[in-house]
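Top line first, the protein sequences correspond to chains A and B. Residue numbering for the first sequence follows the numbering used here, starting at 1 and increasing by one per position. Residue numbering for the second sequence follows the numbering used here, starting at 1001 and increasing by one per position.
Hints are not guaranteed to be accurate.
Restricting the straight-line Cα-Cα distance to at most 27 Å, the calculated cross-link-like pairs of lysine-lysine (BS3-like) are [as the list claims (entries may be wrong)]:
1) A:K179 x B:K1211
2) A:K179 x B:K1179
3) A:K390 x B:K1213
These aren't lab readings, by the way, just hints derived from the structure by calculation.
Number of protein chains: 2
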Amino acid sequence: MTQRAYIAEISNYHGKDVKIHGWVYNKTGKGKLLFIMIRDGTGIIQAVIFKNNLKPEIFEACQNLTQESAIIVTGTVSEDQRAKGGYELQANDVEIVHIAEEYPISPKEHGTDFLMDNRHLWLRSSKQHAVLKIRHEIIRAARNYFDNLGFTLIDAPIFTPNACEGTTSLFETDYFDTKAYLTQSGQLYMEAAAMAFGKVYCFGPTFRAEKSKTRRHLTEFWMIEPEVAFCDLNQDMDLAEGMVEYIVTKVLENRQDDLEILERDVSKLENIKRPFPRITYDEAVEFLKAADADFVQGDDFGATDETIISEHFDKPVMITHYPAAVKAFYMKKDPQRPERALCVDMIAPEGYGEIIGGGQREDDYDTLLHDIKKHDLPEHAFQWYLDIRKYGSVPHAGFGLGIERTVAWICGRPHIRETIPFPRTMYRLNP
Amino acid sequence: MTQRAYIAEISNYHGKDVKIHGWVYNKTGKGKLLFIMIRDGTGIIQAVIFKNNLKPEIFEACQNLTQESAIIVTGTVSEDQRAKGGYELQANDVEIVHIAEEYPISPKEHGTDFLMDNRHLWLRSSKQHAVLKIRHEIIRAARNYFDNLGFTLIDAPIFTPNACEGTTSLFETDYFDTKAYLTQSGQLYMEAAAMAFGKVYCFGPTFRAEKSKTRRHLTEFWMIEPEVAFCDLNQDMDLAEGMVEYIVTKVLENRQDDLEILERDVSKLENIKRPFPRITYDEAVEFLKAADADFVQGDDFGATDETIISEHFDKPVMITHYPAAVKAFYMKKDPQRPERALCVDMIAPEGYGEIIGGGQREDDYDTLLHDIKKHDLPEHAFQWYLDIRKYGSVPHAGFGLGIERTVAWICGRPHIRETIPFPRTMYRLNP
Chain A
1 MTQRAYIAEI SNYHGKDVKI HGWVYNKTGK GKLLFIMIRD GTGIIQAVIF
51 KNNLKPEIFE ACQNLTQESA IIVTGTVSED QRAKGGYELQ ANDVEIVHIA
101 EEYPISPKEH GTDFLMDNRH LWLRSSKQHA VLKIRHEIIR AARNYFDNLG
151 FTLIDAPIFT PNACEGTTSL FETDYFDTKA YLTQSGQLYM EAAAMAFGKV
201 YCFGPTFRAE KSKTRRHLTE FWMIEPEVAF CDLNQDMDLA EGMVEYIVTK
251 VLENRQDDLE ILERDVSKLE NIKRPFPRIT YDEAVEFLKA ADADFVQGDD
301 FGATDETIIS EHFDKPVMIT HYPAAVKAFY MKKDPQRPER ALCVDMIAPE
351 GYGEIIGGGQ REDDYDTLLH DIKKHDLPEH AFQWYLDIRK YGSVPHAGFG
401 LGIERTVAWI CGRPHIRETI PFPRTMYRLN P
Chain B
1001 MTQRAYIAEI SNYHGKDVKI HGWVYNKTGK GKLLFIMIRD GTGIIQAVIF
1051 KNNLKPEIFE ACQNLTQESA IIVTGTVSED QRAKGGYELQ ANDVEIVHIA
1101 EEYPISPKEH GTDFLMDNRH LWLRSSKQHA VLKIRHEIIR AARNYFDNLG
1151 FTLIDAPIFT PNACEGTTSL FETDYFDTKA YLTQSGQLYM EAAAMAFGKV
1201 YCFGPTFRAE KSKTRRHLTE FWMIEPEVAF CDLNQDMDLA EGMVEYIVTK
1251 VLENRQDDLE ILERDVSKLE NIKRPFPRIT YDEAVEFLKA ADADFVQGDD
1301 FGATDETIIS EHFDKPVMIT HYPAAVKAFY MKKDPQRPER ALCVDMIAPE
1351 GYGEIIGGGQ REDDYDTLLH DIKKHDLPEH AFQWYLDIRK YGSVPHAGFG
1401 LGIERTVAWI CGRPHIRETI PFPRTMYRLN P
């Protein structure tokens, strides 16, 4: 029996007969010749269908193949310099598995709503395909980076009784006789786990019920969150820039084809090498003043501010020492300037915004308790979290990398909705 | 400056001076000698503290160290045949970072509720530590298995508008002006993605609001769900047994120490080699009849039934061809016996129950529409899912592996609550 092959591995079968299982991507030809571009999810190859090489009724049937029809083509793999990938298939048999109805997505322009309503089909398009292949690479690289450094994966819970960063943007659900909230961050749990395992990370979905319509917001997004015991802000930044460099390197190594499909300016990515610039909040504010930006000293940066700041750098920039007032209660204050937090945000270049938020955590019991009270958070709900400061408290730090924003930046896609297979936004819960 | 080292890598520092950052696991000694077992999350090492080698006030302070106090010990790494790991540390300085309050978890027996209430601390105990290290290994192995086979990771959405396997056990949340449900399975989305990428998997948390108090149930648990286009039930089973063999092999290769801590009978795991037995539902029922089990022909198997069946095998057993009536609407029926589904459950040996459920999916539009109506499911909500059968429908199959049950089996832990860092059950939402 002829062996089944995937297009991605076709070069292993040069001169041999194989079966390709896939879908009709495009069809041209006339007279005795048909050219069918087949996609099988791992690549695209052209099948040359010459009338004299097949049974007449099969050639006849092939002429009626519609876009996205499912077929199994048996043929000989031959080199072809002109073909993308370098190979084509000289068909000697075609099995028609399913004739597709008229496919709704065509090369003509479609509206965004139409494409999003048909996300389950839009995934088959080459650009969407490329974005999600790169997403996979980014996730794999991030995990491998931490695994290689001896981190332990500790999955954080999704259901939580606590609100980590404020209650206004929480999704709530009935949980038997009580209420549960969907997590906004695994960080608090990672802090506990770091005291048990030294170096940990979680990777999972997080949720924000923000009524935001910007192109940077999803209600459901994925984060990787490392946390390290005996770690200060500077070591935390070393870890963050090392991870981002590693991720970009792996995408450049393994997904050149996909970057090409997306017409990404690869030189911009090749430039992403350590060290990354590190500036303080005050220095960042100077850039905004110089640009005459509509910004109030002491505020957090908005998307426009981030873009202005990022324009000064051709690498991700790390901004530290924000006013403690705009950061979460668990941030450690700078002993030199207690009104400032030992925090760091990493802003991607080219205007893609914040991709990392993190910093050193408060490790003193009394200070943390004071901050919890100051933020009107329920003390009893944070008792377990306070425990971490009772039993062998140590300086510790970590951060969260937003996967979708990282994908948007690396792929050069302006809208975050394309960076996740099935995006969820304020207005979108389908398909 | 003396280099920081982690205990897991201590053999690289033989004869050298290092700093170990960690916590006091145990302390013994008298007179001029103190022995402190230090854990740093990557391992445990004994520090030998000889009075004459340290400043007097430091030796004094060390005598007052409590369990879980945080310390940084500087010393020379020396070989010691008697030590676990083969090395100990001849201390010449100790920095005390934090003196722990009296640690609530002691070697004496604690009740389960107490340990679960203190899960954030219990994680530091050696058995819990071992279980979660093995969990990490299992997850990494499962991902690598699919990555190595050319699968694409496609994260499924958590918020869904549809109920995939019935509505009674769904968690619900307000989603702006509508309702959303938390996913019970990414499968339907994986089917769409398989038509775009050929071979895909998702890995994420899934949710069931089951009012179940058994030791096998969590409200929040993780699944890895592969789905393959142009794949039938037998190929699906090949994939499943290949994955399970790969996972067990990797745990045996990389986590011997942890299996030892758990006193796991490793010979039972070494036996997990392909091929696994494949039996039909009818054959499984014969085992139950022979055991005089309280079982009604035509029903699904319960936990007790699974245990009885598994006792006949020393490997995971795959059971196929259940009555279609006890399986989900999307299962393809056996063309030979339409009242049976082309499905497979994999039951772990040693009574650990079902770890995999899967099968071939209905790929005919009209049959699927009929099944959706028969199950009283809202047709409009499944229109996108039906689309997969309109545009190049192909035979396809997949399965879901429950991570926690797999961890329970491989670790030999009877209760599933220990197999996830922060378990969520009907009665437990804390910490």
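Hint check:
1. Restraint check: the Cα-Cα separation between A:K179 and B:K1211 comes to about 15 Å, which is no more than 27 Å; the hinted pair holds.
2. For the proposed pair A:K179 and B:K1179, the alpha carbon gap of about 16 Å is at most 27 Å, so the pair holds.
3. For the hint pairing A:K390 with B:K1213, the CA-to-CA distance comes to about 33 Å; that exceeds 27 Å, so the pair is violated.
The structure shown violates just one earlier hint, number 3.
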